[in-house]
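Participant: In case you want the letters, here they are:
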Amino acid sequence: NAGVTQTPKFRILKIGQSMTLQCAQDMNHNYMYWYRQDPGMGLKLIYYSVGAGITDKGEVPNGYNVSRSTTEDFPLRLELAAPSQTSVYFCASKQFRNQPQHFGDGTRLSIL
Amino acid sequence: AQKVTQVQTEISVVEKEDVTLDCVYETRDTTYYLFWYKQPPSGELVFLIRRNSFDEQNEISGRYSWNFQKSTSSFNFTITASQVVDSAVYFCAPEGVRGSNYKLTFGKGTLLTVNP
Chain A
1 NAGVTQTPKF RILKIGQSMT LQCAQDMNHN YMYWYRQDPG MGLKLIYYSV GAGITDKGEV
61 PNGYNVSRST TEDFPLRLEL AAPSQTSVYF CASKQFRNQP QHFGDGTRLS IL
Chain B
1 AQKVTQVQTE ISVVEKEDVT LDCVYETRDT TYYLFWYKQP PSGELVFLIR RNSFDEQNEI
61 SGRYSWNFQK STSSFNFTIT ASQVVDSAVY FCAPEGVRGS NYKLTFGKGT LLTVNP
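Sequences listed follow chains A and B, in order.
Using my numbering, you'd call the opening residue of the first sequence number 1 and step up by one each time.
Using my numbering, you'd call the opening residue of the second sequence number 1 and step up by one each time.
Hints are computed from structural coordinates only; laboratory data are not their basis.
Please read these numbers as outputs of a predicted model, since none were measured by experiment.
It is possible that some hints are incorrect.
Said to hold, decoys possible - Straight-line distance between alpha carbons at most 35 angstroms, and here's what the computed DSBU-like set of lysine-lysine pairs gives:
1) A:K57 to B:K16
2) A:K9 to B:K38
3) A:K14 to B:K38
To be verified - Pulled a few chain A residues facing chain B out of the computed Cβ check, cut under 10 angstroms:
4) Q17
5) Y48
6) Y64
7) A92
8) F103
Built from N, CA and C at the ideal position, the CB exists for glycine as well.
Model the full assembly from the supplied sequences, consistent with the hints where possible.
Facilitator: What follows is the structure, given as structure tokens:
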């Protein structure tokens, strides 16, 4: 099993550009999450989904959008990239509530 | 909303020393789960342990042990005979039940450096 796969691993964007961070899991997990991790900080939740077609905002959703059209995929869209969105982005999934989350390897995003 | 405080920002020890990482949390939930994750220098997040709020029995797994005390809202993590490979950032993360939709709240992490 591949687990949680994030692409790309690295990306540099110019201010004002847009892009989509991809996240796919092959474990048939219902719950999926997007986090950002700034240097020296813990993870902050951006958006999450409890199943296909259902998404909700986390702690820091501004400047991002998500969709969940399938169980496997949970892309994160950045519109009008800003320097404050420079961060490492992690996608995670789990099958049931209160189970451990499985994390992808992260996407390191720099906006210049 | 939940709040997590990881008491130590950074800890530096010499190999073979014992080290304890302290975590204090606030939650309105009466039932909840607590998690510890490890993030080594390579950057991935690794699940270490999960405990539920009903079970205050302390747990030992190899060189790792956990001390959970619901009365003081603390969930501490001890590494015995530390090794260089234990160097990482360690995160404590409670997960609520009602009203939080089973979301984790991460602390800011404790950077552990084990020197040879």
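Participant: Given a cut of 10 angstroms on the nearest C-beta pair, is the interface hint for Y48 (chain A) held or broken against chain B?
Facilitator: holds (6 angstroms)
Participant: Given the hinted pair K9 (chain A) and K38 (chain B), is their Cα-Cα distance within 35 angstroms?
Facilitator: holds (20 angstroms)
Participant: Is the hint on F103 (chain A) kept, meaning its closest Cβ partner in chain B is under 10 angstroms away?
Facilitator: holds (4 angstroms)
Participant: Should the hint that A92 (chain A) touches chain B count as held when the rule is a Cβ pair under 10 angstroms?
Facilitator: At about 8 angstroms, which falls below the 10 angstroms cut-off, the nearest Cβ of chain B leaves the hint on A92 (chain A) intact, so it holds.
Participant: Does the CB of Q17 (chain A) sit less than 10 angstroms away from some CB of chain B?
Facilitator: violated (24 angstroms)
Participant: Against chain B, with CB atoms and a cut of 10 angstroms, does the hint on Y64 (chain A) hold up?
Facilitator: With Cβ-Cβ at 16 angstroms, over 10 angstroms, it is violated.
Participant: Starting from K14 (chain A), check that the Cα of K38 (chain B) is at most 35 angstroms away, please.
Facilitator: Distance ~32 angstroms between K14 (chain A) and K38 (chain B) Cα, so the pair holds.
Participant: Given the hinted pair K57 (chain A) and K16 (chain B), is their Cα-Cα distance within 35 angstroms?
Facilitator: Given pair K57 (chain A), K16 (chain B) is violated - Cα atoms ~44 angstroms apart, limit 35 angstroms.
Hint compliance for this structure: hints 1, 4, 6 are not met, and every other hint is.
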